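If you follow the hints, you should be able to join the two separate chains into one complex; please do so.
Below, each chain spelled out in residue letters.
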Amino acid sequence: MLLLQVIVGGLLLGAVYALFSSGLTLIWGMMNFINFAHGEFVMLGMYVALVVVTWIGGGPAAFGLGAAFALFVLGVVVYLSLIRHVVRGPMLAQILSTFGLALLLRYSAFWIFSANFVSLPQTSLSGTVNLAGILMPVAQLVAGVVAITLTVALHLLLARTALGSRLLAVAEDRNAAMLMGIRPDRMQALAWGLSAGAAGIAGALMAIAYPWSPSVGETFGLTAFVVVALGGFGSVPGALYAGLIIGLIQALSAYWLGPVYKDIVVYALFAALLWLRPQGLLGRA
Amino acid sequence: MKRTSALRVAALAACAAFLYSIASPAADSVKIGILWPLTGNAAAAGQASKAAAELAAEIVNHAHPELGDLPLAKTAGLPNMGGATLELVFVDHQGNPSLAQQLATRLITQDKVNVLLGAYQSSCSFTATAVAERYGVPFMVGESAALNITGRGFRWVFRGTPIASDYARTYMRFFTDMRKSGTTIGSIAIVNENTDYGTSVADAIVAEAKKADISVAIRIPYSASSSDVSAQVLQLKEKKPDVVIFISYTADSILYMKTMRNLDYRPAMVIGDDTGFSDPSFIPAVADIAQGAMNRSAWAIGKPGSTTYRINEMYKAKTGRDLDDTSARNMQSFFALADALNRAGSTDPEKMRAALAQTDLKPEQLMMGYQGVKFDSTGQNVLAATYLIQLHGSRYELVWPDRAATAKLQWPMKGWTR
Chain P
26 MLLLQVIVGG
36 LLLGAVYALF
46 SSGLTLIWGM
56 MNFINFAHGE
66 FVMLGMYVAL
76 VVVTWIGGGP
86 AAFGLGAAFA
96 LFVLGVVVYL
106 SLIRHVVRGP
116 MLAQILSTFG
126 LALLLRYSAF
136 WIFSANFVSL
146 PQTSLSGTVN
156 LAGILMPVAQ
166 LVAGVVAITL
176 TVALHLLLAR
186 TALGSRLLAV
196 AEDRNAAMLM
206 GIRPDRMQAL
216 AWGLSAGAAG
226 IAGALMAIAY
236 PWSPSVGETF
246 GLTAFVVVAL
256 GGFGSVPGAL
266 YAGLIIGLIQ
276 ALSAYWLGPV
286 YKDIVVYALF
296 AALLWLRPQG
306 LLGRA
Chain H
457 MKRTSALRVA
467 ALAACAAFLY
477 SIASPAADSV
487 KIGILWPLTG
497 NAAAAGQASK
507 AAAELAAEIV
517 NHAHPELGDL
527 PLAKTAGLPN
537 MGGATLELVF
547 VDHQGNPSLA
557 QQLATRLITQ
567 DKVNVLLGAY
577 QSSCSFTATA
587 VAERYGVPFM
597 VGESAALNIT
607 GRGFRWVFRG
617 TPIASDYART
627 YMRFFTDMRK
637 SGTTIGSIAI
647 VNENTDYGTS
657 VADAIVAEAK
667 KADISVAIRI
677 PYSASSSDVS
687 AQVLQLKEKK
697 PDVVIFISYT
707 ADSILYMKTM
717 RNLDYRPAMV
727 IGDDTGFSDP
737 SFIPAVADIA
747 QGAMNRSAWA
757 IGKPGSTTYR
767 INEMYKAKTG
777 RDLDDTSARN
787 MQSFFALADA
797 LNRAGSTDPE
807 KMRAALAQTD
817 LKPEQLMMGY
827 QGVKFDSTGQ
837 NVLAATYLIQ
847 LHGSRYELVW
857 PDRAATAKLQ
867 WPMKGWTR
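As given, the protein sequences belong to chains P and H, one line each in that order.
Each residue of the first sequence is one higher than the last, beginning at 26 in this note's numbering.
Each residue of the second sequence is one higher than the last, beginning at 457 in this note's numbering.
Here chain H stands alone, though its shape is the one from the complex (with noise of 0.2 Å):
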């Protein structure tokens, strides 16, 4: 007797709530698929990363009034779409590409995703995108720089991040600004791994250098997976560039910094081309001998109060850890997709491309230091923008530009000197 009533009433219950997800389908939630390298080499980046889509989803999904002008904070869920909530499938790729084209498939036909984001590495971004293309599913590239992931004539591609000529320029001002105050810079060196990522940035430098008459003493690609590096190490010893510049991921930045203390070979400058730099793991283990490396960011935690400041505060107290530029890119990436969701106020993919191509959004409702989100016809970001860090003891300092600088630039850089 107990028994059938207890299934009587939850088949009442599942009656109930097919009838309900029926009569409002608006307050369903939104799927949104996501490739990162969840394992593998750059897996530290992909997790931290992880962190950043789950809390920028409970930001959206929940109530956030103390978070000022950012889109979807305020309310709960999407506004436009009964309160829709969004839903997270994470998938790790492992920094595969064929692996990360696979998976993106996957999450289309067999997950049923309404839109993708991803990929971390460029390589996995360039063949997921062209996977979302085929089957005409918005893919927000969250922070890959590589130049050829846009630009490829692609309908359903937008990217939120600043990319690979952005960044070039970017040094090209800095060093300009640097000779106008009398320091010398001869010539660079450019430091890449190997795929597309290094390969792309060192390319967009080289050409920026030309056209800022800036002389690239030495280009070394080398393969991110070396077990060793003092090679390469030797050969910028013996060309001594002013400047170097290294386009890496994490274990070789480390093994790169290591190396060099190792060989007293201490250059005028480093810089990071983010990624391995601003990787949770490259501070503490290598803050004693790199006093002063360069960096770059978009992101800058901000003063207490602010927006930047709060959201880092959140980020903190569920992973212990500052957010860093990498993540951080990703999480305003996922912002201005659920921006351009909620105005698309359905799941339908067309009205979806569409929201997302009329997307303009102010410096005031981002989290970056970007000059706002605004696409062009390739789907790129025309707006985005970045700044220079300064490895400080412990932590990085915004040291470029004047206006936004926190601290005072060190040059030439100390190193693992006191």
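Bound-form chain P, shown alone (with noise of 0.2 Å):
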């Protein structure tokens, strides 16, 4: 009962690790980019959740929609303002431009919330459901069943869509999409404008369970490098299938092991993986 419970914990955690995941992946599916700031993303997430909550008392729907829509727009403003014209430079000015920018990110939000752990006040979904005696926090259990929701309905999107056949087609190839009458930069403002939503919902969700600072996005960025790399770049499917694996990975090995081998386990499973098959789960080769 106690291995179920662990492994249950374990899904729950991995749901999130794969929202957060799947808007880098889309980012490098889209433009073969590395967003480094993908876990300030989710941290600034965290940080309107906290907001909407503490300003206009607003429920987890309230801030969850928050935090996707504001995060939505900064994807956009900062495609249109930084990405849009790094993306010409060489391959260095892309790493360190975003870079740069979580770090821009991260020392305002120390400027703006101070370096005090903060945490949400008790919400609607701070209780428990005991479902034949695996006792399931009600904010993992929401955050875990939203988040793969959303990575498959992102999935869905891209796959299904016209939308995201024209999203697709821009990955492909530039030229031969504008050729079609399809708007690249439009495009990846979207692609900037999703990934940066889904990063902030999937802050939103973790603030109702974890304390956080402003250095919380290193933790998560991390995460998500690995996640992506591990389900293989570019691929939403991927992610969640990588996301779900790691997070019952470490709460297995922490249980087994210790929680201090829980990272070396995930870690040399990972490079055993990749050894083996470089391109990741789903990757193409």
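Derived by calculation from the structure, the hints in this document are not laboratory data.
So the derived list for chain P, only partly shown, Cβ under 8 Å to chain H, looks like this:
#1 L27
#2 G34
#3 L38
#4 F135
#5 V143
#6 L160
#7 P236
#8 S238
#9 S240
#10 T244
#11 A279
Chain H regions said to be covered by chain P (calculated; three or more residues, Cβ under 8 Å):
#12 494–508
#13 673–681
Model, not experiment: these values are computed from the prediction.
Don't be surprised by glycine CBs; every beta carbon is placed ideally from N, CA and C.
Rendered as structure tokens:
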């Protein structure tokens, strides 16, 4: 029974990993561009949730959507003002631009919100449900379900809709897409908006359960990279599987071997998998 | 014309200032280099301590006769150095031991500080003190608790705070007291973050528990940057210890309390080894789910009108918060350092070191619940001690030992139950 509890906890955590990693993998798939500020987007999503709760007094639906919307706008702004220009530059400029953006966002958050740890006050999602002896915190349960739903929705958007086809067309061949009457800038701005929006809503969901400070983005950023690499760069379903697998492995190894070993186990398996399958679980070789 | 005269005045002023500075070297300032984590995981604690150090410097630099026997409060500046004032140079090591080492070197070689104070995380104090020892600059360890910081044969390192073994002994005395009054304490569990601080305190508790004949059901080391601790809480749930002692930093201790609530795990008692449990963000985050959680503190606000009460009011006016134990221990170490600087009467390193070694502060000269401040040959304060406090409502009350208690101990803890 205890083991089942550990497994459920791991999967719920993994689902949230999947949600915030799906945005990162989307940008990679669209533009071959690594966004080092992705963890900071998650962090900002958490603070947007806090601001909405403390100033407006909204519930989880309000702060979740608020964070998604605010970060969507931020993603579009970041694309139009920064990314659009640096993609024409050398590779190094691309990497360093988002790295710089990460630092800018992190220290702006230090300046505005101070270094103190904060957490959301009790919300309607603060309780736990007891499902046949398995205790599931409502917040994590909702976060997990929303995360899986959104990740699947993002996948369907890309794979099944005309909009998705246009997004992928730009990713495939920018010039050919332009000849077909698609405006690549608009599509890529949208991709950045979706990516940041997913990170924002993931942050808002995490904020219900975890205390955080402006430096929390470092931890999330790293996890997101591992999830994306394991799932296969550019693959949204890959990010979903990889997120769940990593959450599960972390929980099981922490339970069986002790918490200090959990990251060793995760990264050892990660390295082993990349050795066998460098493109990741669902990545294209 | 106007411009030349202005220039002349400026030049004269500069000359005067220069002459003044040669004529009275004593009324200069003494530079104290302070290393704390001002950003990063433990930034909140670092910032709180920074405010405390600034307040302590303000108390030393200006006359505060209302603060009783607190050393250097009555006078402005350091009287034995012609009223020299304390100048603080803060640096941020972000909780990174190698950065702490570099910054200590920079403070000594470039900023030319006279003494050093720091460094919160034991791992950072460990590296930074080694630099001070190499350069022969006195280093006051404000509040880091790991055993191995003193006891390396260093001459230049002093520590005002109680250390891991003092705390461990306190916990065991408390358990023995509880057993005498009929409370069952079969076994305890220790959950510690896995850097120098958590490891050394946990080691000390294991050793003292053995002596006190209390069995340790499980010991769980973990990394303080964990984003999920459910597996650890489930391990505790399985072992059913009567008391769980947490040696944790801020985010992780909040996360533990929330996870315990979520997984419906409530042991008879939770004891936090200060640090995370004393962080200003801890109470607002978990007050409604961690009622009765215990913590240690050598700091108590005291009755209105007392010196400690006045210090707390000043701190509150500055920061909007009550002074916490961590910052207060740093502040106490700061006062002990300032007292020694004054007795040294000069910034000659050997003289400062000798004055520190001869420190002998009495309980009434302190703001903390120590028996005094007196350093042994390793630089450790041998008169340091601590109280135990318990979360009642939205504040900690002093509950043990009985002679000092301001409220009655609640056992078992209520947690989230009403």
